[in-house]
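Here is what each chain is made of, one letter per residue.
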Amino acid sequence: MKIVRLTQEHDFKPFDCGEGDLNEFLLQDSKQYAKGLLAVTYVIEDEESTVAFFSLSNDRISLLESDKATWRRIRASFPHRKHRSDYPAVKIGRLGVNVNAQHKHIGTDILDFVKQTFITNNRTGCCFVTVDALQSAVPFYEQNGFKPLRKENEGETVPMYYDLTQLL
Amino acid sequence: MYFCSVKRMIRHPRKTLKISDMAKPIEPTPVLKGDDAYEFVAEMEKQQKASEEEKARVAKGASFIQSLLTFTF
Numbered sequence: 001m002k003i004v005r006l007t008q009e010h011d012f013k014p015f016d017c018g019e020g021d022l023n024e025f026l027l028q029d030s031k032q033y034a035k036g037l038l039a040v041t042y043v044i045e046d047e048e049s050t051v052a053f054f055s056l057s058n059d060r061i062s063l064l065e066s067d068k069a070t071w072r073r074i075r076a077s078f079p080h081r082k083h084r085s086d087y088p089a090v091k092i093g094r095l096g097v098n099v100n101a102q103h104k105h106i107g108t109d110i111l112d113f114v115k116q117t118f119i120t121n122n123r124t125g126c127c128f129v130t131v132d133a134l135q136s137a138v139p140f141y142e143q144n145g146f147k148p149l150r151k152e153n154e155g156e157t158v159p160m161y162y163d164l165t166q167l168l
Numbered sequence: 001m002y003f004c005s006v007k008r009m010i011r012h013p014r015k016t017l018k019i020s021d022m023a024k025p026i027e028p029t030p031v032l033k034g035d036d037a038y039e040f041v042a043e044m045e046k047q048q049k050a051s052e053e054e055k056a057r058v059a060k061g062a063s064f065i066q067s068l069l070t071f072t073f
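The listed protein sequences correspond, in order, to chains A and B. Residue numbers for the first sequence follow our numbering, so the first one is 1 and each next one is one higher. Residue numbers for the second sequence follow our numbering, so the first one is 1 and each next one is one higher.
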């Protein structure tokens, strides 16, 4: 098995993770994201197939600055803390594991790799890992220490985050 | 049926590309407000350090992926 950084010349080996959106992203969109410098995709493959892939991009967690009432509440509750309205983050735009390789901890290993990389080799400053988790994948991310960003979520995905500072 | 179309896409990626077939875009994380913003700060405030066992587990998982790299990350 090996990991390659996706290039425009990359020849995809067969991949099916059971989620149409993830399959489509890898096979149709990932090169366009790379070309537009929007996201970088890393592909794990063996001799015969694509085992897994993940895409990373820059992100941030922002608190609405015009929400004065909430800011008053935050400052009153945590007066000693230096408050920011933005926190830099790395976003896992997509993460998919081939159905043949699922339940072998490779997804968890990928998350661990992202966490470890950004606490030991953090070149631009980033303190959170973010992800828009499919509803079916929420338990997986929770097991890996991710928390939901919002109490109520509409739509197919749940925005979640992992605080990297806990690993320092 | 879907699996067949994936196979076709692998062989002829450009010929089968349609806007309607494209995956949902990667979107920035939504801006937090109200209770969600407050809870986010509260969670940061009470965030505890990971245990040494958890740190070691993360490092071990990461080193497995690191061993597969064909480039410098």
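Rather than coming from a laboratory, the hints here were simulated on the basis of the structure. Heads up, some of the hints might be wrong.
[Stated by the list, open to error] Just so you have them, the derived chain A footprint on chain B, three or more residues with Cβ under 8 Å:
no.: 1; stretch: 25 to 34
no.: 2; stretch: 39 to 50
[Said to hold, decoys possible] Distance windows between CB atoms, simulated:
no.: 3; chain 1: A; residue 1: 32; chain 2: B; residue 2: 72; range: 33 to 41 Å
no.: 4; chain 1: B; residue 1: 63; chain 2: A; residue 2: 14; range: 36 to 44 Å
no.: 5; chain 1: A; residue 1: 103; chain 2: B; residue 2: 34; range: 21 to 29 Å
Source: prediction; values computed, not measured. All residues carry an ideal CB built from backbone N, CA and C; glycine is no exception.
We went through each hint and held it up to the structure:
1. Judged by the Cβ-Cβ criterion of 8 Å, the stretch 25 to 34 of chain B is covered by chain A as claimed, because 9 of its residues qualify and three suffice.
2. With 11 residues having a beta carbon nearer than 8 Å to a beta carbon of chain A, the stretch 39 to 50 of chain B meets the requirement of three or more and the stated coverage holds.
3. The hint said 33 to 41 Å for the Cβ distance between residue 32(A) and residue 72(B), and at roughly 25 Å that hint is violated.
4. At about 28 Å, the beta-carbon gap between residue 63(B) and residue 14(A) misses the expected band of 36 to 44 Å.
5. Separated by about 38 Å at the C-beta atoms, residue 103(A) and residue 34(B) break the suggested range of 21 to 29 Å.
Checked against the numbered hints given earlier, this structure breaks hints 3, 4, 5; the rest are met.
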